[in-house]
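Based on these hints, arrange chain P on the given structure of chain U.
The residues making up each chain are set out below.
There are 2 protein chains.
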Amino acid sequence: MRTLFSVDDHIVEPPDVWSSRVPRKFLDRAPQVVDSGDIEYWVVDGEKMPTIGLNAVAGKPENWTADPVRFTDMIPGCYDARARAEDMRSAGIMASINFPTLPRFGGALFPSLPDKELADVCVRAWNDFMIDEWCAAAPEMFVPMAILPLWDPPAAVREIERLLDRGLRAVTMPEESSMLGMPSYYDDFWDPIWSICEESDTAICMHIGSSGWRAFTPPEANFTLTIALGSVPTITHALGMMYSPVPRKFPNLEIVYSEGGVNWVPATLERADRSYKLHQRWAGTDDLLPSEVCRRNMWFCMIEEPYGLRIRHEIGIDRILWECDYPHSNCVWPDTQETVDELFAEVPDDEADMILRTTAEQLFNWTCAPAP
Amino acid sequence: MRTLFSVDDHIVEPPDVWSSRVPRKFLDRAPQVVDSGDIEYWVVDGEKMPTIGLNAVAGKPENWTADPVRFTDMIPGCYDARARAEDMRSAGIMASINFPTLPRFGGALFPSLPDKELADVCVRAWNDFMIDEWCAAAPEMFVPMAILPLWDPPAAVREIERLLDRGLRAVTMPEESSMLGMPSYYDDFWDPIWSICEESDTAICMHIGSSGWRAFTPPEANFTLTIALGSVPTITHALGMMYSPVPRKFPNLEIVYSEGGVNWVPATLERADRSYKLHQRWAGTDDLLPSEVCRRNMWFCMIEEPYGLRIRHEIGIDRILWECDYPHSNCVWPDTQETVDELFAEVPDDEADMILRTTAEQLFNWTCAPAP
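Here the protein sequences line up with chains U and P, keeping their order.
Each residue of the first sequence is one higher than the last, beginning at 37 in our numbering.
Each residue of the second sequence is one higher than the last, beginning at 37 in our numbering.
A hint or two may mislead.
Since the list gives no way to pick one copy over another, a pair counts as held whenever it fits inside one copy or between any two copies.
Claimed, not checked - Under the rule of at most 20 Å between Cα atoms (straight-line distance), these lysine to aspartate or glutamate pairs were calculated in the DMTMM-like manner:
hint: 1; residue 1: 285; residue 2: 256
hint: 2; residue 1: 96; residue 2: 76
hint: 3; residue 1: 313; residue 2: 374
hint: 4; residue 1: 152; residue 2: 83
hint: 5; residue 1: 285; residue 2: 237
hint: 6; residue 1: 313; residue 2: 378
hint: 7; residue 1: 313; residue 2: 340
hint: 8; residue 1: 313; residue 2: 371
hint: 9; residue 1: 152; residue 2: 64
hint: 10; residue 1: 96; residue 2: 109
These are calculated hints, taken from the structure and not from any lab test.
This one's a predicted model, so the numbers in the text were calculated from it and none came from an experiment.
The following block holds chain U by itself, in its conformation from the complex (with noise of 0.2 Å):
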């Protein structure tokens, strides 16, 4: 069995991820479930939530058409950690990044809040709930990473401090921050957060569909056509931070892209390179290329793509980084390990090593058990 690091899976959080933790006079706003008889949902700040388990669908593939509304609709490895690290170590996969589904995948949610005296209540609450309670029940298998209070970068920094000493190998943040009533990332607003994660060697991971922005659809396509185009915003983000001030003021970032795949990046890099090229005079633009950027800041991931293995030595091969995407409907689960070896059956054992794992391994600063 190939040993498999997933630099991308979801947490569906347990009823009492905030309920257990927050203060008393918190109780009654932050975040708890709400059984209505037919659904359970989540109600934050007396707003309610319209789904309790976004796209879990695990282990379910009968009943795609909609999203889990309970807890029982759901294989228990969505929200129990010992269930997930289970499902996860019988297919191989020894080390697992997980993002939130309610505070959203970018952690939005939360500053979205008026009440910040709440809000950072809630964010703590979550990132404790992820050391304490996640990663503590496989602490050699679940990496952690945590959301921040994103409305406050000097708050952030104390965060990711307070987290550090407790494993944190990570820090989840929207794909593109000004969509969501915040500075964008061109602004120093946000420089002490990049600073302490380069400084701790802490990766940055941005996950699709976090920031709020998406391709454009006719009104009367499918909604299967913005999943297909999903790759669109973090072209259009990705590529925005290779132009931006960030990689420039803090050269050692690491930034990784989640579930926006890989195959796009050799042409994304090929016209952005020769449009930088042939508008720098005027533009007065520096001698850092796109490309440039990208393969020293920069890493992507990869569910199935044989045409993005094909080309992997265009894109960089120490770029591409592997996801499992459990328990979303695009995981390649519970079929894993068939599904990778036919993936990379061209493809040479130490470079798939690369992807699978090694690469991972370094940017997290992480070793993964080997599969049983």
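Chain P in isolation, oriented as in the chain U frame:
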């Protein structure tokens, strides 16, 4: 010298396109050039247009910081068909398709005028200019392409019929009609146009920048980022068309995406096909894969893409067309032959010929004279 067919060049309309053609009662509202001393500009139905020669910088590499503001800022090949034909011939470009400037690349300006009688005479005047003056100056070189009265598809059919006898080979339409206050291409509103184009073997050319939609960029970002992201609206729109009813109802339609590049095609199709199959059951979609529509109904245009050429067989070599983009900043002129020789150095001659000439000849029913 190689014989080249350029499927994307641009006319800067000379001042008398409309003034010499529209009925007297429209003269004061049809487009006219006003000389204010410092600059010349177009006025259309009382509205001042921002530039006389949008991006018409061919032969003037030192002057890219601003669009030309007087005809004397440009070389004559921008607006004079005879001078253009000489410029083309000297570079071995023996066939050329030309997009409008003032009417916008997809012809969306006149449809936005409130007075549709005025809009109609303006559309017809441009088309008469295109055929009687521009193409007539070098009828073996300039491939007739029309703009359409987009607000009235039956009228568009009549206009196409009027021009077919005079050699029409293509029409230009905007990439995304619904962003321009018109029905989306998913609506059967457009069926008369698709129908006559299919029936008469008339290609539909859609140019980047014609939809009014563009990729998101942070407010502080330099405009060169938008330029570098120039493929994104094409990727988005082309995939939307692959998913749409249009190719399902009109299986022989020919759509050409101009200046959107070619190198992104396999990556986009890989993600789209996987997603299409993954979600087919719940979405209730048919068995026609996005890649099948693409390889049957669509063509893509390349200026200078070494990587795009390396993956030409993944794209489908018969999907790739070449363009010069005269007189825009992107254009490879006057050193066209040198650029093409270098770009195609590793490509066998028969494959280079397909991309540089013969696929376009078949698509537009055209035969190039041999280069001098």
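Do the hints match the structure? See the list:
Taking CA atoms no more than 20 Å apart as the test, residue 285 paired with residue 256 passes between copies only; the shortest distance there is 16 Å, against 44 Å inside one copy. When the C-alpha separation of residue 96 and residue 76 is checked against a cutoff of 20 Å, the pair qualifies only within one copy, where the shortest distance is 19 Å, while the shortest distance between copies is 66 Å. Within a single copy, residue 313 and residue 374 get their C-alpha atoms only as close as 44 Å, which misses the 20 Å cut-off; across copies the closest is 19 Å, which meets it. Proximity of residue 152 to residue 83 under the C-alpha cut-off of 20 Å is restricted to the intra-copy arrangement: shortest distance 16 Å within a copy versus 49 Å between copies.
Within a single copy, residue 285 and residue 237 get their C-alpha atoms as close as 15 Å, which meets the 20 Å cut-off; across copies the closest is 55 Å, which misses it. Taking the shortest alpha-carbon separations for residue 313 and residue 378, only the inter-copy value of 18 Å comes in at or below 20 Å, while the best intra-copy value is 40 Å. In this assembly of identical chains, residue 313 and residue 340 lie within 20 Å of each other by CA distance solely across copies; the values are 13 Å between and 33 Å within a copy. For the homomeric pair residue 313 and residue 371, the shortest alpha-carbon distance between copies (17 Å) is at most 20 Å, but the shortest distance inside one copy (46 Å) is not.
In the homo-oligomer, the alpha carbons of residue 152 and residue 64 lie at most 20 Å apart inside one protomer (16 Å), although the nearest pairing across protomers, at 60 Å, exceeds that limit. With identical chains, the CA atoms of residue 96 and residue 109 are at most 20 Å apart within one copy only, with a shortest distance of 9 Å there and 66 Å across copies.
The structure shown violates none of the earlier numbered hints.
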